[in-house]
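K.L.:
Letter by letter, the chains look like this.
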Amino acid sequence: MSVTLAPFVRIAGGSASVDLVVDGARCGGCLAKIENGLQALPEVTQARMNLTTSRLHLVWNGPADAADLFARKLEEMGFRAAPYIQNDSDQRDAQASRMLLMAMAAAAFGLMNVMMLSIAVWSGGADMAASTRTLLHWVSAAIALPIAAYAGRPFFLSAWQALRVRTTNMDVPISLAILLACGLSLYETWHGHVHTYFDAALMLIFLLLIGRFLDARLRARTGMAARQLAALQVTDAKRLRTDGQVETLPATQVRPGDQLIVARGERIPADGIILSGNAQIDAALVTGETALQALRVGDIVYSGTINRSDAITVSVLKASSDSFLADITAMVEAGQQTQARYVRLADRAARAYVPVVHSLALLTLVGWLIAGGTPRTAILNAIAVLIITCPCALGLAVPAVQVTAVGRLFSRGILVRSGDALERLATISHVVFDKTGTLTRGQITPDVTAIDHDDLARIGTLARQSSHPLSEALHIYAADLDVAKITEVEGEGLMGEVDGQSVRLGQTSFVGAGDQIDTGLWARIGDQAPVHIPVSDRTRPEARTVVRDLSDMGLSVRMLTGDAPDTAAQIAQELGIEMVEARVKPAQKLAHISALQDKGRSVLMVGDGINDAPALSHANASAALASGTEISRSASDIVLQGDTLAGLPFAFRVARSARARVRENFGLAIGYNMLAVPLAVFGHVTPLVAALAMSASSLIVTLNALRLRREGAYEGPAHPGQTYVSPARTGKCAA
Amino acid sequence: MNSLLWLIPIALVLGLTALATFVWALRSGQFDDPDGDAERMLSDDDFPLT
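Just so you know, the protein sequences line up as chains A and B, in that order.
Heads up: the first sequence at position 437 corresponds to 437 in the UniProt record's numbering, and the numbers run straight through without jumps.
Heads up: the second sequence at position 47 corresponds to 47 in the UniProt record's numbering, and the numbers run straight through without jumps.
Source of the hints: derived by calculation from the structure; they are not laboratory data.
Every residue, glycine too, gets a C-beta built ideally from N, C-alpha and C.
Misleading hints may appear alongside valid ones.
Now the stretches of chain A that chain B is said to cover, found in silico as 3 or more residues with beta-carbon under 8 Å [stated by the list, open to error]:
(1) 47-55
(2) 97-105
Residues from chain B that face chain A, not an exhaustive set, calculated with beta carbons under 8 Å [claimed, not checked]:
(3) Ala11
(4) Pro34
(5) Asp35
Full structure from sequences and hints, please.
P.N.:
Listed below in structure tokens is the structure:
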């Protein structure tokens, strides 16, 4: 993290303030630690941490530069901090959920008072004087009409928008029912009749608003968490100015022709040509290839790759908006459009439900007229049908389940970006893994089993003289030996005298191995024959269990990788994956997934690299590791935190039981309608019955959703001898 | 009957007071950080919203 915070500091009235996104603060302990730690600094006047949004508001007296000092202080405490950039959609989400809360409060107030009056009318019955009853109805109307107009806006607006483009959605019958119920009740009140529906209209609004609010909160929460992850990975570039000074600027502001300095271990911010320095480029996240590429002056480096050698200077060829990364981004966006075509379960239900409700109401109206009822009775019963079939339970069924499920996953460090991602996850039949960085750690491990112990000590001791990543992998074998005459030939290898013997370490030609295989590392001690040290990537410890669990769930597991076939086959065998394809380019990964989809299969893609991003966005559902690249995370539905895949089977279990709960809820709602609708059609529904039936069905649906909280709570290890450790419990909390 | 003329307005005023209190609480940011507030009250030296 080398972003300077000064540009984000606001100065007002002699004191400076900044908003930071803090990563890793999850409990009361962290909160107290951060606030107390920062307030202990003399210049800080206010430090307030918001645990819900992971944002820290800091106010201090002093220069803007001090912000960097606070960020360092936070880092010492074990929390990473990044500037929080006020986002339009954040604002809109907050505004929307605040408006829904206000509407809910107003509806609740109106509902309570109207119900109180209604109870008086019901219990008064025939004993009540007609004038008293009419007075109570007028009071109800005075409360209910303005409240319905205010609190019903979310539904009216959405219904109007749908009608304007000549479609219908769930909000059309809802709005119709509210308007008709209020209109009819007003008419009945005017003529002094017995029944009004004000309470039913308000209850409808209140219960549906709960569903809307849960939905809005879910979206706000997941969206925020995703943006925070992105904020923590702001990439910046170091530009060489004409006067020789180096300035830091956001990677997006790099222009063609700029000269950039890329230090060891840094990501290359834009496509460019190497001007100076011999580079060892790690393209694992871009191509999936684990071996480093040796590049020289004049070669092209691509954005997103990492420089593993000493600092190089790069002349930028293309601005970041039309680089290799931008091509990938275009593919990702195309994929996200196909994903957006997925129809949520609730919408599909609504599509079938809305015409049925309308026809039923119409049939009731016509039926009563044919049977010889007065027009008033016919209309009354038709409206009763509209109200009682109103999708209260349906409107609550999905959001209540999804909020519970997403919250459950959240507590285990699994971030789900939207409710429909959960629905899509439940339908998956095939899981496709990327190799490098996903199933493996993306770190180099040398295989030294074939080397004599003493020789290994010599090689290790020599390797310690170099900071090359391949050498670094051998550092652990170093012994306390005399080293002399060290020479490092850039891009070739390293030689020197260890313990009185000459040792060479490096490429085939450098150690004199001639035309032997050109992978891994070669070493030669004295006049002995050169020895080959194969290097490989080590699999994640939990990968085998995860693959087995997914297979046990009836999923077909595959692996696609950009790496060499030998390496891929070896890893696949180790993990028990049967279907493997190696040397796959981003577009080919995409084609593989499309081919599966054409056969009617539903695919989950799991990856972490830039090369996975197009496949991630085209798959039916996708998961990325939080440690992966930003683009892969933003293309994914699920982000696994804590750098472990262990949460994946759990996410599947929760998604599947969420789908089961949603279906049960639909079943309950339909069952309730089958009971209540005939009563309404034949004119037996009083406002009391309608209100009771509606609230009872909503309550049942909500309680059913809460059962999800227990999902996975008491489950033992998936396989004897193997224990899952949830990311939330692995000491992620720094307190 | 006369009692109704008193009781209904009283009930309405009480309800409106509750609604106004809620709106005030919402506006003054008391629902901004439910997670933090739940934890904050357990710490020994909490910093109430000033």
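K.L.:
All hints are to be evaluated individually against the structure, with a verdict given for each.
P.N.:
Outcome of the hint check:
no.	hint	verdict
1	47-55	holds (count 6)
2	97-105	holds (count 4)
3	Ala11	holds, 6 Å
4	Pro34	holds, 6 Å
5	Asp35	holds, 4 Å
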